[in-house]
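Colleague: Each chain is listed here by its residues.
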Amino acid sequence: MTKRMRASEDHVYQTMGDAPNAAADFGTDARHPSKRSRSGASELFTKVVGWVKSIFSEADSALPERGVADIPQDAIYDPPPHIPGAWPGRQPFMSTADLLCHSATQPAPARLKLLGEKSEATANRNLSRSSPISISSDSSELAGPPHRPMATTQTRLQSMIPNVWNNSATTFLWARPQSLANFNKVSALDDRQHLPTRSPSVLSSRRGSPRHRYQPRTQPHRTLYSPAIRKTHARPAVQRQRLGELISLYSPTTTRTRATSSLASRDSNALQFPLFGTSTVASRPSSQSLLGRGSFAARHTLSSHQPSSVATPQLFSPSPASLTTQRLDSYQWLSHLATQVRSSLAYRSPVPSIARPETPQFTKLLAKEAHLNQELAKLQVAIPTRPTVDNFPPLPPTALDEIQRALHRPLVVEAFNIPIRGTDLVTLTKDQWLNDEVINFYFSLIVARSQDSNHFPSLHTFNTFFYPKLCDQGYRTVRRWTKRVDIFAKDMVILPIHLPAHWTCAVINFTRKRIEYYDSMLMDNPTLFATLREYLQAEHLDKKQADFDLSGWTDWCPKDIPRQYNGFDCGVFACIFAEFASREEPFTFDQGRMKYLRQRMMYEILHTRLLVQA
Amino acid sequence: MSDSPDQKPAVKPEGSSEHLNIKVVSADSSEVHFKIKRSTPLRKLMETYCDRTGKNMNSVRFLFEGNRVLESHTPKDLDMEDGDTIDVMVEQIGGQ
Numbered sequence: 001m002t003k004r005m006r007a008s009e010d011h012v013y014q015t016m017g018d019a020p021n022a023a024a025d026f027g028t029d030a031r032h033p034s035k036r037s038r039s040g041a042s043e044l045f046t047k048v049v050g051w052v053k054s055i056f057s058e059a060d061s062a063l064p065e066r067g068v069a070d071i072p073q074d075a076i077y078d079p080p081p082h083i084p085g086a087w088p089g090r091q092p093f094m095s096t097a098d099l100l101c102h103s104a105t106q107p108a109p110a111r112l113k114l115l116g117e118k119s120e121a122t123a124n125r126n127l128s129r130s131s132p133i134s135i136s137s138d139s140s141e142l143a144g145p146p147h148r149p150m151a152t153t154q155t156r157l158q159s160m161i162p163n164v165w166n167n168s169a170t171t172f173l174w175a176r177p178q179s180l181a182n183f184n185k186v187s188a189l190d191d192r193q194h195l196p197t198r199s200p201s202v203l204s205s206r207r208g209s210p211r212h213r214y215q216p217r218t219q220p221h222r223t224l225y226s227p228a229i230r231k232t233h234a235r236p237a238v239q240r241q242r243l244g245e246l247i248s249l250y251s252p253t254t255t256r257t258r259a260t261s262s263l264a265s266r267d268s269n270a271l272q273f274p275l276f277g278t279s280t281v282a283s284r285p286s287s288q289s290l291l292g293r294g295s296f297a298a299r300h301t302l303s304s305h306q307p308s309s310v311a312t313p314q315l316f317s318p319s320p321a322s323l324t325t326q327r328l329d330s331y332q333w334l335s336h337l338a339t340q341v342r343s344s345l346a347y348r349s350p351v352p353s354i355a356r357p358e359t360p361q362f363t364k365l366l367a368k369e370a371h372l373n374q375e376l377a378k379l380q381v382a383i384p385t386r387p388t389v390d391n392f393p394p395l396p397p398t399a400l401d402e403i404q405r406a407l408h409r410p411l412v413v414e415a416f417n418i419p420i421r422g423t424d425l426v427t428l429t430k431d432q433w434l435n436d437e438v439i440n441f442y443f444s445l446i447v448a449r450s451q452d453s454n455h456f457p458s459l460h461t462f463n464t465f466f467y468p469k470l471c472d473q474g475y476r477t478v479r480r481w482t483k484r485v486d487i488f489a490k491d492m493v494i495l496p497i498h499l500p501a502h503w504t505c506a507v508i509n510f511t512r513k514r515i516e517y518y519d520s521m522l523m524d525n526p527t528l529f530a531t532l533r534e535y536l537q538a539e540h541l542d543k544k545q546a547d548f549d550l551s552g553w554t555d556w557c558p559k560d561i562p563r564q565y566n567g568f569d570c571g572v573f574a575c576i577f578a579e580f581a582s583r584e585e586p587f588t589f590d591q592g593r594m595k596y597l598r599q600r601m602m603y604e605i606l607h608t609r610l611l612v613q614a
Numbered sequence: 001m002s003d004s005p006d007q008k009p010a011v012k013p014e015g016s017s018e019h020l021n022i023k024v025v026s027a028d029s030s031e032v033h034f035k036i037k038r039s040t041p042l043r044k045l046m047e048t049y050c051d052r053t054g055k056n057m058n059s060v061r062f063l064f065e066g067n068r069v070l071e072s073h074t075p076k077d078l079d080m081e082d083g084d085t086i087d088v089m090v091e092q093i094g095g096q
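Chains as they are written, first to last, in the UniProt record's numbering: chain A, 1 to 614; chain B, 1 to 96.
Read the hints as simulated data drawn from the structure, not as lab findings.
Take these hints with a grain of salt, some might be off.
Stated by the list, open to error - Straight-line distance between alpha carbons at most 16 Å, and here's what the computed EDC-like set of lysine to aspartate or glutamate pairs gives:
no.: 1; chain 1: A; residue 1: Lys483; chain 2: B; residue 2: Glu65
no.: 2; chain 1: B; residue 1: Lys37; chain 2: B; residue 2: Asp79
no.: 3; chain 1: B; residue 1: Lys76; chain 2: B; residue 2: Glu91
no.: 4; chain 1: A; residue 1: Lys483; chain 2: B; residue 2: Asp79
no.: 5; chain 1: A; residue 1: Lys483; chain 2: B; residue 2: Glu81
no.: 6; chain 1: A; residue 1: Lys513; chain 2: A; residue 2: Asp549
no.: 7; chain 1: B; residue 1: Lys23; chain 2: B; residue 2: Asp82
no.: 8; chain 1: A; residue 1: Lys483; chain 2: B; residue 2: Asp84
no.: 9; chain 1: B; residue 1: Lys37; chain 2: B; residue 2: Glu91
no.: 10; chain 1: B; residue 1: Lys35; chain 2: B; residue 2: Glu18
no.: 11; chain 1: A; residue 1: Lys483; chain 2: A; residue 2: Glu539
no.: 12; chain 1: A; residue 1: Lys543; chain 2: A; residue 2: Asp486
Stated by the list, open to error - Label pairs and their calculated CB-CB ranges:
no.: 13; chain 1: B; residue 1: Arg43; chain 2: A; residue 2: Gly422; range: 35 to 43 Å
no.: 14; chain 1: A; residue 1: Gly422; chain 2: B; residue 2: Asp28; range: 44 to 52 Å
no.: 15; chain 1: A; residue 1: Pro397; chain 2: B; residue 2: Lys23; range: 46 to 54 Å
As the structure is a computational prediction, the values presented were derived from the model and not from experiment.
Ideal Cβ positions, reconstructed from N, Cα and C, are used throughout, including at glycine.
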């Protein structure tokens, strides 16, 4: 152990150029005259501690004496009520490793103070256990046997000794090169030297913790090297925020951004640093969390009688030179800190907020959506309100009896120059093929309905012989079929199409400029489209003496229409296709309704009126 | 075919004539000529045609200018003129 201490002493001496002088001066602390005599257990410890105290004594002399020795033991577990993350059992705001990161940027005396302070603060293993990477735990491990002579002295000084030694033995291994590199640099950056320093008496406020025992770690520590730790940013956001506060307090000129953001997110207490007493301490949770348990204890004892900050002075002690040259009292220091915070906030304010990022693509999409909504609103207005009708009205109870009686009559009904005999009506019974009389009669019923109502498109129809005659004998033979009608003045022409042993329906839709073809067998009929196009042109040329403009006309042969699943319902399908198309109604019927539709067609033919009316 | 519209102006003056030459054309383009009075119902013409061609009256459809010709119709009812054509179509059935 002596060898270790000697090695650590050498490190200390190498790290701090003025260490011999400080060691020579270690016995000059007038306020602790008994320390030197009672610390005879280890001369090296005494030297180190004396050196530390020589640094702190200057700052201490600027402050009144504090009674920090009698800290209630339960007070250290009293969490700061306004800091949710500061409970000792939870993730600390700043682990020892974090503190080492800061100490590395400081000259050696300040770093030593930091380390000693941190070690003291985290002497209870709560913080060190909860910290994923903590040097202090290794420090206690390296401290050797659980029974340390220093723990028995029960003095403030001896309570500091192992902490200083522990940290020096472990952390200076990595801290040395950086400290050598940073010492002169940081000393040159003495713009922070006007920051005040405060008493280190907090450090020695606590006695040796009973928890500060030898507790070998079950797992080797991941790393002892703080530079790697410094790069570790995978810590909770809250902790990172607290870290930002701490860094801002420590070096407000270099890490202003994070500090400002964290400070800005806090309540107004952050701007009330010039206040004294408890409120001052309470508004600075980062310093408490940094110092951990010891600082909590100090807060409880100090907040009642001293208008000062407890822990931050150690963080702000930049170099030995500043300790001797410049001192500010607490009010000046807090005022300066508040000024810096305000300036930091003012510096951040002109920065454009990220709440409104530049998103041209998103803005474009929003504009497109608005445009589409407007177009949709126009279309919705343009659609005429169609009367809601029942596409499948129920038949009267007496309908079947009427039909049954009519089937045996020679002549059931005669309308549209079409005599419907009983034998024609029989074709509408179950499983029968429909003949041309029924088809033509039903199509004529559809046209008659559109003539009687203003809600339906105007219609014209040709009988079932039109299309075969047009195909076989040409337009000349059907030229006079339209002697009394102008089909171009109609909205649509519905055509029953008779193919060999098959009925389909074609619609010449002048409104939609398309020729529609509905085949319950879903077969194509390209000849039909060509024939009807030729007919339209010939008809227009004959009646209007002008060519018909077929530009924009399309052939409409959908395949998602109701389909026939037997060999005898095609006539019914054709009629119902025409009936729905004449109302521009979607085809909502299917094969399952054929029985009802056959009965309905018979009923409608009997009464010469369609059931579905406007 | 024989339905010649250019003859119409020539035919018109004989509107006072009692008899009309009517041509009945079947789907296979076979023609049968008839001469009937304007006031005579066309049932006689239709029955005669079915007798000559051996067809059933209920299985054929007589069309004039796309309209059905019923037995009770007269040429006068249908505004028939001399030389007009009556189409004879065979009953159509379909199911598949």
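Colleague: Sort out which numbered hints this structure fails and list those numbers smallest first.
Modeller: 3, 9, 13 and 14
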